[in-house]
Amino acid sequence: MRIISFVEALREGTDQLLAADDSVFLIGEGVPDPKSIFGTTADLKSRHPTRVFDMPISENGLTGVAIGAALGGMRPVIVHQRMDFTLYALDQVINNAAKWFSMFGGQKSVPMVVRMIIGRGWGQGNQHSQNLEALYAHVPGLKVVVPASAHAAKGLLVSAVRDPNPVIFIEHRWLHGTTSDVAPELYTVPIGKARVAHAGRDLTIVTWSYPTLEVMKAVEFLETQGVGAEVLDMQTIRPMDMPAIKESVRKTGRLLVVNDAWKFGGLAGEVLASVSEDETLTLKARPQRLTYPDFPSPSTHGLTKNYYNGPREIVEAVGRVLGKKLDLGAVTDYQATRTHDVPDQNFKGPF
Amino acid sequence: MKDLYYKMLRIRRTEEEIAKRYGEQQMRCPVHLSIGQEAAAVGVATHLSEKDFMVSTHRAHAHYLAKGGRLTGLISELYGKADGCAKGQGGSMHLVDWKAGFAGSTSIVGGTIPVGVGLAFASQLKRQPQITAICIGDAALEEGVFHESANFASLHKLPVLFVSENNLYSCYTHLKDRQPARPLTDIAHGHGMRHLTLDGNDCFAIAAELKPLLTSLRQGEGPIFLELQTYRHLEHCGPNNDDHLGYRPTAELQTWRAQDPLLITRKQMENKGLWSAAFEKEMEDKVFSEVQEAFHHALNSPFPEPSELGAYIYANH
Ligand SMILES: Cc1ncc(C[n+]2csc(CCOP(=O)(O)OP(=O)(O)O)c2C)c(N)n1
Ligand SMILES: [Mg+2]
Numbered sequence: 001m002r003i004i005s006f007v008e009a010l011r012e013g014t015d016q017l018l019a020a021d022d023s024v025f026l027i028g029e030g031v032p033d034p035k036s037i038f039g040t041t042a043d044l045k046s047r048h049p050t051r052v053f054d055m056p057i058s059e060n061g062l063t064g065v066a067i068g069a070a071l072g073g074m075r076p077v078i079v080h081q082r083m084d085f086t087l088y089a090l091d092q093v094i095n096n097a098a099k100w101f102s103m104f105g106g107q108k109s110v111p112m113v114v115r116m117i118i119g120r121g122w123g124q125g126n127q128h129s130q131n132l133e134a135l136y137a138h139v140p141g142l143k144v145v146v147p148a149s150a151h152a153a154k155g156l157l158v159s160a161v162r163d164p165n166p167v168i169f170i171e172h173r174w175l176h177g178t179t180s181d182v183a184p185e186l187y188t189v190p191i192g193k194a195r196v197a198h199a200g201r202d203l204t205i206v207t208w209s210y211p212t213l214e215v216m217k218a219v220e221f222l223e224t225q226g227v228g229a230e231v232l233d234m235q236t237i238r239p240m241d242m243p244a245i246k247e248s249v250r251k252t253g254r255l256l257v258v259n260d261a262w263k264f265g266g267l268a269g270e271v272l273a274s275v276s277e278d279e280t281l282t283l284k285a286r287p288q289r290l291t292y293p294d295f296p297s298p299s300t301h302g303l304t305k306n307y308y309n310g311p312r313e314i315v316e317a318v319g320r321v322l323g324k325k326l327d328l329g330a331v332t333d334y335q336a337t338r339t340h341d342v343p344d345q346n347f348k349g350p351f
Numbered sequence: 001m002k003d004l005y006y007k008m009l010r011i012r013r014t015e016e017e018i019a020k021r022y023g024e025q026q027m028r029c030p031v032h033l034s035i036g037q038e039a040a041a042v043g044v045a046t047h048l049s050e051k052d053f054m055v056s057t058h059r060a061h062a063h064y065l066a067k068g069g070r071l072t073g074l075i076s077e078l079y080g081k082a083d084g085c086a087k088g089q090g091g092s093m094h095l096v097d098w099k100a101g102f103a104g105s106t107s108i109v110g111g112t113i114p115v116g117v118g119l120a121f122a123s124q125l126k127r128q129p130q131i132t133a134i135c136i137g138d139a140a141l142e143e144g145v146f147h148e149s150a151n152f153a154s155l156h157k158l159p160v161l162f163v164s165e166n167n168l169y170s171c172y173t174h175l176k177d178r179q180p181a182r183p184l185t186d187i188a189h190g191h192g193m194r195h196l197t198l199d200g201n202d203c204f205a206i207a208a209e210l211k212p213l214l215t216s217l218r219q220g221e222g223p224i225f226l227e228l229q230t231y232r233h234l235e236h237c238g239p240n241n242d243d244h245l246g247y248r249p250t251a252e253l254q255t256w257r258a259q260d261p262l263l264i265t266r267k268q269m270e271n272k273g274l275w276s277a278a279f280e281k282e283m284e285d286k287v288f289s290e291v292q293e294a295f296h297h298a299l300n301s302p303f304p305e306p307s308e309l310g311a312y313i314y315a316n317h
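Chains B and G, in that order, are what the protein sequence lines are.
Heads up, the first sequence stops at 351 in our numbering, and the numbers go up one at a time, no gaps.
Heads up, the second sequence stops at 317 in our numbering, and the numbers go up one at a time, no gaps.
If you are wondering where the hints come from, they were derived from the structure by calculation, not from laboratory data.
A virtual CB, placed ideally from N, CA and C, is assigned to each residue, including glycine.
Take these hints with a grain of salt, some might be off.
Anything over 10 Å on all C-beta distances counts as not near chain G; from chain B, calculated [unchecked claim]:
1. ILE4
2. ILE27
3. GLU29
4. LEU283
5. ASP294
List of simulated lysine-lysine pairs, BS3-like, C-alpha gap at most 27 Å [stated by the list, open to error]:
6. G:LYS20 - G:LYS51
7. G:LYS176 - B:LYS45
8. B:LYS305 - B:LYS284
9. B:LYS348 - G:LYS20
10. G:LYS176 - B:LYS35
11. G:LYS176 - G:LYS126
12. B:LYS217 - B:LYS108
13. B:LYS193 - B:LYS305
14. B:LYS263 - B:LYS193
15. G:LYS272 - G:LYS211
16. G:LYS20 - B:LYS35
17. G:LYS2 - G:LYS281
18. B:LYS305 - G:LYS126
19. B:LYS348 - B:LYS284
20. B:LYS217 - B:LYS263
Listed next, with one range per pair, are the computed distances between beta-carbon atoms [what the hints assert, rightly or not]:
21. G:LEU263 - B:ASN306: 42 to 50 Å
22. B:PRO243 - G:ASP242: 49 to 57 Å
23. B:ASP43 - G:LEU263: 36 to 44 Å
24. B:LYS263 - G:SER49: 42 to 50 Å
25. G:ALA122 - B:LYS348: 39 to 47 Å
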């Protein structure tokens, strides 16, 4: 056992990838600076001076440059401190990275990784808190991975860098401080495979990225009431491991998707649609989604407390799926002990 | 002169109070302070009226106040209160005061540049003699959107004043690690714009130099690019000094701190015999009570009603 943080796992994985393969390079605004992308790139410049770069504040152009470098035989990893900043680069990602393979008849693909960090809490507001995963997952030609643990972060990063296609690597700021058992050597977590985070017979809860933690917390409160939830941590949202979801739903007959993103046009709906379409599946209850409300996160903490879902809202949603009134007392008390806009009590802002 | 000093002092003391109280964790949003850069904001705003527009960036407190944005609106916004200038929806990086012509600041680098050009386009189409000042940093010039916007502004001779506060850094990265060694104004030249570089800490000089240029802008002579060389005293984001990180050389820090805009202005006033202990006290007292009142007001203001959550998605008319 070796328990390290999500940040340290990413840093170690990147370091080992740079060491193992001369074609890998890392670029991003602030990569070698004292804050080193929340610590994920600390010391990498001194360890690999010729292949680790700071970059001008030019997300669009540099994403295109990374694509060109990938076509030229390199394996770029480009990192953005907020997913919101990658919107400048949408043209390059969608029109070029995702298309170079298909539009030229499968001659050359773009082996590139784009790391994007999602913010939350502490007044991040409309332009620093968006989870635009559905935008990227919508696009054929892109793969989108969404690790929920330090172990998955390192393993998926390795898979992403070795993948011949452009991979969007989405990491949630609130996962950065979390820890798990991480193997010291290079290893992979396969892209496109879900993980059963908890086994159960009563309903299937599908989730990914940060809310996986909240679901696992909710599971504790469900168990005390005799509710057995099967939790699937998807790990990748494109391609989505639909067979794993269906296998679980076949067993439980009930489905809840917990997704920290907007509901309309989002991936929770995609899961529901795929399950509903499958004539071999019989559901015992209507499948449900628990998502962000369909509007941007405001800045004020006076309002964000009613924006984000926690274990309480998850237990409540499970009750709706089961058609049962579950006791919310204990989970409500638990949630009241947390400050809703920080990942942990040590977090003092500002980002 | 006295008025400009007062405006700078008011911004300085406001931001010092924000820094002092930030640790109380009641202002729960990222703050980018302009301490050290007040002269740029005040100098640029001096000959603009509330009919003229200004847009800005993540580092907007000084611009907002200099343009005439309400102080209580700013402080309440930082506290996330209902009477904040954006009703608590925005936070520090999203300030607005339409009455003062402050059309908005946003947190995406370069995001407001084309918006400012668009405001000026509307003024031109409506034949209104308004100017739009687009306040940006030095890094915003690296975004493609700057060049597309500058090209269009120049092509249509729009009444735009691009103000690039060159504080040498984007977060922790020096200009020399982001752009080739050439004056920022060469870029403006390439876009066919008039351009000039001024000491960004000399408020009087900025105001005086701009006066005739702003008139020419109103007369339709085409956009101007102004580089103001200045320096941020505190960390990129947050209330603290971050000298210990070592990304800014000590000598550089000392040189620039010695050129504090408030000190420069004070010296100039002394030379003109406009400075006195009584004047200093009068200014400090006045600003102190205004700032304290704004904080008192914000702290006692209510948060937005829960019904305000999601209340502003679509306009109805
Ligand atoms: C599109 C985009 N990329 C990156 C960032 C992160 N960021 C926030 S402020 C900043 C520095 C910008 O530097 P500059 O324009 O010189 O303004 P200064 O902070 O020095 O006032 C950066 C890179 C962002 N907000 N938006
Ligand atoms: Mg700067």
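Consistency of the hints with the structure:
1. ILE4: 24 Å, holds
2. ILE27: 12 Å, holds
3. GLU29: 7 Å, violated
4. LEU283: 30 Å, holds
5. ASP294: Given a closest Cβ separation of 8 Å, the condition is violated.
6. G:LYS20 - G:LYS51: Distance ~34 Å between LYS20 (chain G) and LYS51 (chain G) Cα, so the pair is violated.
7. G:LYS176 - B:LYS45: Roughly 17 Å between the alpha carbons, so the hint for LYS176 (chain G) and LYS45 (chain B) holds.
8. B:LYS305 - B:LYS284: Judged against 27 Å, a Cα distance of about 33 Å means the pair is violated.
9. B:LYS348 - G:LYS20: 14 Å, holds
10. G:LYS176 - B:LYS35: Measuring from Cα to Cα gives roughly 19 Å; hence the hint holds.
11. G:LYS176 - G:LYS126: Since the Cα atoms of LYS176 (chain G) and LYS126 (chain G) sit roughly 42 Å apart, the hinted pair is violated (cutoff 27 Å).
12. B:LYS217 - B:LYS108: 44 Å, violated
13. B:LYS193 - B:LYS305: Since the Cα atoms of LYS193 (chain B) and LYS305 (chain B) sit roughly 33 Å apart, the hinted pair is violated (cutoff 27 Å).
14. B:LYS263 - B:LYS193: 23 Å, holds
15. G:LYS272 - G:LYS211: 21 Å, holds
16. G:LYS20 - B:LYS35: 23 Å, holds
17. G:LYS2 - G:LYS281: 13 Å, holds
18. B:LYS305 - G:LYS126: 44 Å, violated
19. B:LYS348 - B:LYS284: Violated - the C-alpha atoms of LYS284 (chain B) and LYS348 (chain B) are around 45 Å apart, more than 27 Å.
20. B:LYS217 - B:LYS263: 22 Å, holds
21. G:LEU263 - B:ASN306: 42 to 50 Å: 47 Å, holds
22. B:PRO243 - G:ASP242: 49 to 57 Å: 50 Å, holds
23. B:ASP43 - G:LEU263: 36 to 44 Å: Given a distance of about 39 Å, which is inside 36 to 44 Å, the answer is holds.
24. B:LYS263 - G:SER49: 42 to 50 Å: 45 Å, holds
25. G:ALA122 - B:LYS348: 39 to 47 Å: 42 Å, holds
Hint compliance for this structure: hints 3, 5, 6, 8, 11, 12, 13, 18, 19 are broken, all remaining hints hold.
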